[in-house]
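Participant: Given chain D's structure and the hints, the job is docking chain B onto it.
Chains D and B, in that order, are what the protein sequence lines are.
When we follow the numbering used here, the leftmost residue of the first sequence carries the number 121, and every step to the right adds one.
When we follow the numbering used here, the leftmost residue of the second sequence carries the number -10, and every step to the right adds one.
Simulated from the structure, these hints should not be mistaken for laboratory data.
Relax, there's no trap hidden among the hints.
Pairs of lysine to aspartate or glutamate, EDC-like flavour, derived with a Cα cap of 20 Å: (1) K308/D with E359/B; (2) K305/B with E159/D; (3) K50/B with D240/D; (4) K8/B with E51/B; (5) K50/B with E165/D; (6) K213/D with E129/B; (7) K354/D with E208/B; (8) K203/D with D40/B; (9) K548/D with D206/B; (10) K379/B with E339/B; (11) K213/D with E119/B; (12) K203/D with D109/B; (13) K203/D with D113/B; (14) K397/D with E129/B; (15) K50/B with E159/D.
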Amino acid sequence: MHEDLLQRAVDLSLQLGASYAEARWHRHSGASLVVRNGEMIGYGESIEEGVGVRVLVNGALGFSATSTLTWDSVREAVEQAVKLARSHSRFMKRPIGFAEARMGRARYEAIAVKPFDSLDINGKLAVLVEPWERVKGTVKEARVMTMMTRYSEDVEEKTIINSDGAFVVSKVPRLTVGYNFVLLHPQKGTIQRSETFGGSGGLEQLERWKIPESAEEEARNLENVLLNGVEPPKGPVDVIVGSEIVGLIVHESCGHPSEADRIWGREAAQAGMSFIKPGMLGERIGGKYATVIDDPTIPGSYGFYLYDDEGVPARARYLYKEGVINEHLHNRWTASLWGTASNAAARAMDHNSEPIIRMANTYLAPGDHTFEELLEGVKLGVYMKSYMEWNIDDIRWGQRYVGLECYLVENGELTKPVRNPVLEVTTKSFYSSIDAAGREVRYEPGTCGKGEPSQGVPVWFGGPDVRLRSIPLGVVA
Amino acid sequence: MQQVPVSEFAEKLVREALKRGFEEAAAIVSRQRSTMVKFANSEVSVVQRWDSLTVGLYLTKEGKILLTEIHPTGFEQASALIDRALAASPQVRPSFLYAPLPEPETFEPLSGLVDKAIIDAMNDPSSLAEAMLAGATGAERVAGALTLFHGQRGVATSKGARLEEEATGLEAYLRAFIGEASGQWAHGSRRLSKEAVERMARTAVQLAEMAKGRAADVEPGTYDVILSPMVVGNLMNLVGMMASGMAVLMGMSIFARAEPGSKVASEKFSIYDDPRNPELLGSTSFDDEGLPTRSKPIIEAGALRTLLHNSKTAAKFGAKSTGNAGLMFPHSWTLRVAPGDAKLEEMIAEVKRGLMITNNWYTRLQNYVEGIFSTIARDAAFYIENGEIKHPVARVRIADRLPKLLSNIELLGRDLYDISWWEVSPAVRAPYVLARNIGVSRPFV
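Only chain D is shown next, with the shape it has when bound in the complex (with noise of 0.2 Å):
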């Protein structure tokens, strides 16, 4: 049924004078709970569901979208694309094109091993009462000053076809589990934990990631922190950096700063642009290390995804390659101005949104070290296990990952907690200071926000544990 309507879409547009045209029916279909300190805050069911339309008329992009699926208001989104992107076509000084690619026809989904509907509401909730008990179970000095769980199913669901051929369609179940807790003591003041697991497929997944078992073991550990936590050691030390925070740095580092459209300058009022600039592929960013892939096929993935929302086929891209840039994240616009081919980054958040170029699951790619081995030779260093502030400038260089659960290094032995320890470096300071990775890479999900208006969209940041040499820390006072 959609796909008549879409179909339609594409040839009005056509007919109208469009070079190139579009059409996506998106859906978003979820369930939401969440809990306080135990006890049931609501319980939600929300469905999102629309048509997005985009043309090229005269070298100028149009997007249109309506949440009305009837074809008066698809003709309208049509026309006011058409429309809107002819008046404006004036402004352009170099006409907006797009690279050839291969067009993706398939039909794809992710399969759920245990469905949403396997559990009831009553299980669901369980799910997230449970690793309130442990914490709350599990402090003893401190409080549990509040502690939120929430629990969100989604299932998105894609038609796209577009004039070049793309007839793609798409579904991808999506889970979230979150807590966020604070710990208070009279005396030293609070600490604030938020996690979240999250990826694509069904309620398997919460076997795997153990919740209630991770609230415990973060509470009892941040509670020593809140308690024991000592200033780290002035002046440049070893710094174990965890694979939470690698994963978030080659998100911040390296995944934004290689997105095309960012490059160019499309998004330089809003998030930004990028340190690299057109030309610098094939400049060294870092040491033998600095290698940094996106991929967006990583079975389970919550940034999961076969086709991207321009019909081209998905595949993994090698960012950084063992310390050079070697490569940009591209939709067939950018892939037109860099004289290559599409990516396939393609990827709208929703109906609403137009296809601009995202990461899906990037991750620095492993080492060979063990945890231990990675300890070992360090003399005195700082291990930094979670964290919770963080930022970077709007080029993506100097960035700051400020430690939550962090440990002192003394002779190669984890010793006392070290509490707020800064790393505060820049992009080619941090690739050219990993001396060892470890041989594990840990995945965790993320809402990755980019384009006007905001969209998020699902993806996963990833890497193994890595040890820099010689970085001065700082602290939050």
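Facilitator: Frame of chain D; chain B shown alone:
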């Protein structure tokens, strides 16, 4: 369907929910059309247009709260969600937040929320886009966005509220580049003023002009900082969010341990939630529970005056709703910082060693209860010494505690700016602000 008033649609859904066995219901129906022109490299990167109908339903039964949201094609689709909620309800537990929906109160509609010029311009915003680019004369290239919107919002509740409001809005912001230097400014209003859009663009160019020349690195340390209304707007969004009763319950607020009346900021500082001011984007006459809104101080002369409540969080705090529902999460509508009496030059003259930061982004927190945060300057930023701007500075971070920043505010500008953009939403009317002894950092290596 398109012709049905949104409040009638909402009322019909409420009736349907009660008929199916829910004890209470509230429905919010909004229909919105918007058009956006996005610029980059002084070209139009995309023109976008949206037409959306959104229905939010709040349903209760035996103290259980069920929420649904849908973009329906018609009434049947929306009412199908009521059936699903009903089917789910036996398994849902009573909500820790449950409180009865409020009885409707007398309210005054707000006039002046609609500007026909915006509705007209939505059909073809290209001449307004042209004015924006013309205002940026002197820039080598610009990027930005111009958004126009027009919509209706209707609320109906099982207590008998049935309200509807129509409003328009405009948001325009521009980043101007001259060589390596850049300046950014923003403007948001319920009304269209070509002059205001051009003035916004000129301000962005002026800041880029001021920032020309080699930007020097700043030594990490403590500085007096002058924050532009862009930066104040971004940080006040955080203050507004933290003032929500729900944020306090969630452990996401610096006000988690503050009683109303307690000192939380400099006595020179006041911030208001100002929904009754129809000049401001976000202004509205009723909230999502159908209660009339009112303008009120959140912080006045440095003292916390009120948290923002819906009837549920109000019940938890033993307070009354402040007309800020959010069916679940109470929120500010539009924020206004009270002006001081200083001119910008006078503020600069008061700084012995400091920085002026005109734009920022990426504000993140290590700990919401303690307000440990950092945010990064972007675009024009300057080093000030002995009361004079000396030179532009490279990207720095403000890294400190929000309560300290609020307490160290010493001067506020007398001119107010209506700011709304990617990093400032809801809109904020704010002056320049001088805060003393604030932590500043940059990468160590």
